[in-house]
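There are 2 protein chains.
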Amino acid sequence: MPVDYSVYLVTDRGILGGRDLFKAVEDAIKGGASLLQLREKDISSRAFYDLAVKMKDLANSYDVPLIINDRLDIALAVDADGLHIGQDDIPLRIAREIMGPDKIIGYSVSNPEQALFGEKNGADYLGAGPVYATGSKADAGLPIGPGTLKTIKDSVSIPVVAIGGVGITNISEVKKTGVDGISVISAILGKLDIVEAAKNITGLWKDI
Amino acid sequence: MPVDYSVYLVTDRGILGGRDLFKAVEDAIKGGASLLQLREKDISSRAFYDLAVKMKDLANSYDVPLIINDRLDIALAVDADGLHIGQDDIPLRIAREIMGPDKIIGYSVSNPEQALFGEKNGADYLGAGPVYATGSKADAGLPIGPGTLKTIKDSVSIPVVAIGGVGITNISEVKKTGVDGISVISAILGKLDIVEAAKNITGLWKDI
Ligand code: NI
Numbered sequence: 636m637p638v639d640y641s642v643y644l645v646t647d648r649g650i651l652g653g654r655d656l657f658k659a660v661e662d663a664i665k666g667g668a669s670l671l672q673l674r675e676k677d678i679s680s681r682a683f684y685d686l687a688v689k690m691k692d693l694a695n696s697y698d699v700p701l702i703i704n705d706r707l708d709i710a711l712a713v714d715a716d717g718l719h720i721g722q723d724d725i726p727l728r729i730a731r732e733i734m735g736p737d738k739i740i741g742y743s744v745s746n747p748e749q750a751l752f753g754e755k756n757g758a759d760y761l762g763a764g765p766v767y768a769t770g771s772k773a774d775a776g777l778p779i780g781p782g783t784l785k786t787i788k789d790s791v792s793i794p795v796v797a798i799g800g801v802g803i804t805n806i807s808e809v810k811k812t813g814v815d816g817i818s819v820i821s822a823i824l825g826k827l828d829i830v831e832a833a834k835n836i837t838g839l840w841k842d843i
Numbered sequence: 636m637p638v639d640y641s642v643y644l645v646t647d648r649g650i651l652g653g654r655d656l657f658k659a660v661e662d663a664i665k666g667g668a669s670l671l672q673l674r675e676k677d678i679s680s681r682a683f684y685d686l687a688v689k690m691k692d693l694a695n696s697y698d699v700p701l702i703i704n705d706r707l708d709i710a711l712a713v714d715a716d717g718l719h720i721g722q723d724d725i726p727l728r729i730a731r732e733i734m735g736p737d738k739i740i741g742y743s744v745s746n747p748e749q750a751l752f753g754e755k756n757g758a759d760y761l762g763a764g765p766v767y768a769t770g771s772k773a774d775a776g777l778p779i780g781p782g783t784l785k786t787i788k789d790s791v792s793i794p795v796v797a798i799g800g801v802g803i804t805n806i807s808e809v810k811k812t813g814v815d816g817i818s819v820i821s822a823i824l825g826k827l828d829i830v831e832a833a834k835n836i837t838g839l840w841k842d843i
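So the protein sequences, as listed, match chains D and L.
Per our numbering: the first sequence = residues 636 to 843.
Per our numbering: the second sequence = residues 636 to 843.
Calculated directly from the structure, the hints in this document are not laboratory data.
Don't take every hint at face value.
All copies of an identical chain are treated as equivalent in the list; a pair is satisfied when it fits inside any one copy or across any two copies.
Said to hold, decoys possible - The list that follows gives simulated cross-link-like pairs (lysine to any residue, SDA-like), each with its CA atoms no further than 20 Å apart:
hint : residue 1 : residue 2
1    : K834      : P747
2    : K676      : Q722
3    : K658      : N835
4    : K691      : G717
5    : K658      : Y767
Here chain D stands alone, though its shape is the one from the complex (with noise of 0.2 Å):
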């Protein structure tokens, strides 16, 4: 089954201020969310597990596929879909060998050459930015911008997601160059009504 990376929700309990996970993620997809990453930082490996565990129940009762953030153990303690990894995560080979070739594997990138490294270890899909600024990853590096975004697109071949401050402003702009979906945190999970947020990002993503 193709995977739909076309609005890529990746989570953030922090800009919740408090609202629930899994009732914010489940209205997320309600609203069109098509991909889902769990991203957690700075809790233990078992709660970790715990949220993966019923994060993946909730992702597949939607037949949303559910990709764990950095965490190689968790995705395969929970059988995840796949896994999302960094510059600063396990090597992406590695990774590769262990997961097997049919889980999916993403790659955080933010410029053409590690974007060809990507695609010639092992990524199934890229995660390429910052586009724009962003508050919701304190470690995420300066914005690339569409035109750099538009160079990553045109230099590989697998699937590219716009990552970092894309919402309803700018999404036109990221449409248009290529890209195969964005990845969105604070768009959706940072408004009141999270369906809506999230119908009206998956709406304006197919109309444009």
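Given the structure of chain D, go ahead and fit chain L with the ligand onto it with the hints provided.
Quick look at chain L with the ligand alone, frame taken from chain D:
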């Protein structure tokens, strides 16, 4: 090859006060440390991986097995000799399934119920403690004392290693419980002359 649990060194870069981790570990092995656990918190997965690659080379060049704390993904990625998990880490049974039957898996316990659970669910050895108060692990919990340590040892048939605050002043008391070894951080890495400290600890353990 049977594992020698007698003097089990657990790393802690914090206690080294800037001294080189690899030099310190090599000195501890030269002094008699028989088993090595790489324990890291709050570093990126890539940084942990890079440390583990180097540590595996070092440990295995001295025929000392390398155990990775908590992170099953790092253990798999560097093909470490084993994994040590605690109550806050991924479930023991799942770790065993993923690691397979041949890798060493250790499990932290602080009472006989956890010890029996560990033995039943695939642990090769138990780390029991903290036996005494310790400054090395902020999350260590209240000391169980040598009495409970002995109860734990008597309740299982797999090897038990005493963890937490074990050093030259109490090593005799610990050995009388019948445990198979001691897990040491500060009593070796906290000393200026690490070779000498490890020789003292190893000598005491063997002579008592
Ligand atoms: Ni990471």
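So, going through the hints one by one against the coordinates:
no. : hint           : result
1   : K834 with P747 : neither (32 Å within a copy, 53 Å between copies)
2   : K676 with Q722 : both (16 Å within a copy, 18 Å between copies)
3   : K658 with N835 : within (18 Å within a copy, 57 Å between copies)
4   : K691 with G717 : within (11 Å within a copy, 28 Å between copies)
5   : K658 with Y767 : neither (28 Å within a copy, 44 Å between copies)
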